[in-house]
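Here the numbering used here is used: the first residue of the sequence shown is 69, the next is one more, and so on.
Worth flagging that the hints you see were computed from the coordinates, not collected in a lab. All clues given are correct.
Here are the simulated DSS-like cross-link-like pairs (lysine-lysine), alpha carbons at most 27 Å apart as the crow flies: (1) LYS129 <-> LYS340; (2) LYS324 <-> LYS129; (3) LYS324 <-> LYS267; (4) LYS290 <-> LYS308; (5) LYS296 <-> LYS324.
Keep in mind that this is a model prediction, so the values were computed, not measured.
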Amino acid sequence: MAAAAACRGSTATGGGGCCENRVMVRNEADRKTCGQICAQTPYSHCDGEVSVYGKEGKATKNGEFIGAFYNYGCNWGTNGGSEASDPEEYIMGQQADGRARKMPFLVSQGKVCPVAVKIATLKDQLTKADKPGGFPTLDKHGRLPRNLLSGGFDRFSAFDLAWQSLHMAAAAACRGSTASGGSGCCQNAVIVRNTAVAKTCTQICSNTIYSNCDGEVSLYGKERKASKNGETVGFFYNYKCNHGANGGSEASNSDKSVTGSGLYFSFCCCRK
69 MAAAAACRGS
79 TATGGGGCCE
89 NRVMVRNEAD
99 RKTCGQICAQ
109 TPYSHCDGEV
119 SVYGKEGKAT
129 KNGEFIGAFY
139 NYGCNWGTNG
149 GSEASDPEEY
159 IMGQQADGRA
169 RKMPFLVSQG
179 KVCPVAVKIA
189 TLKDQLTKAD
199 KPGGFPTLDK
209 HGRLPRNLLS
219 GGFDRFSAFD
229 LAWQSLHMAA
239 AAACRGSTAS
249 GGSGCCQNAV
259 IVRNTAVAKT
269 CTQICSNTIY
279 SNCDGEVSLY
289 GKERKASKNG
299 ETVGFFYNYK
309 CNHGANGGSE
319 ASNSDKSVTG
329 SGLYFSFCCC
339 RK
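Start from the sequences and build out the full structure, keeping to the hints where you can.
Here you go:
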């Protein structure tokens with residue numbers, strides 16, 4: 069969704085033409101450019117490339133790095149990540165360049181075995197299954213302990229994932245709204261702006277290695293599915309680089325404020 073939003077905001081036509089416009093994954097490991105990938109489909113014209121990253125979990129301080137974006141262009145075949153060949157859990161716990169952090173793998177007979185840790189844990193649980201104390205107990209809400217949950221929920225909460233979705237959306241908004249589209253020497257940073265501190269994005273960017281402010285984005289998205297045509301599902305605003313008020317305060321709000329609060333959250337689009 070963030071990739072589609074970034075494409076919509078960054079292409080010259082904004083998604084015009086005879087038909088729908090497609091967003092296709094580019095697998096860095098295959099070393100093909102977006103120009104080559106598009107040419108092999110009915111959607112043969114490449115209008116751009118987007119690389120976005122959003123950090124999971126809530127920011128805890130003003131000026132914290134929460135995402136990144138870059139514009140490699142249609143004719144660049146390296147860098148940018150390999151969604152198609154990476155494990156599913158790599159959507160969480162990534163580095164700032166969009167690559168996955170190294171996971172705690174075991175090595176057996178020269179082969180990497182990422183499931184070995186899970187198997188060992190399950191075996192330990194099964195040995196205790198015939199003992200009353202070996203059964204997992206539910207909490208007061210009827211939920212299993214987080215360390216027994218699968219799909220990454222043992223490491224990240226639903227709130228963490230909601231914050232990551234917001235950060236991805238912020239990176240997409242920066243990618244689509246900045247004049248350069250995120251080009252330059254290096255990745256471009258998305259940094260949280262806490263309006264309670266009353267600093268502008270110009271000030272926030274200048275305090276980091278990404279010292280140039282290219283823009284500000286303030287976003288809000290409603291949780292749950294829309295139930296009728298024409299329903300409002302989100303808000304956005306452009307307070308620009310030199311405005312210090314309004315826009316939300318992720319860093320000082322509660323973890324739960326990502327859902328149900330109806331609040332804007334503000335981010336700075338910064339580059340070196």
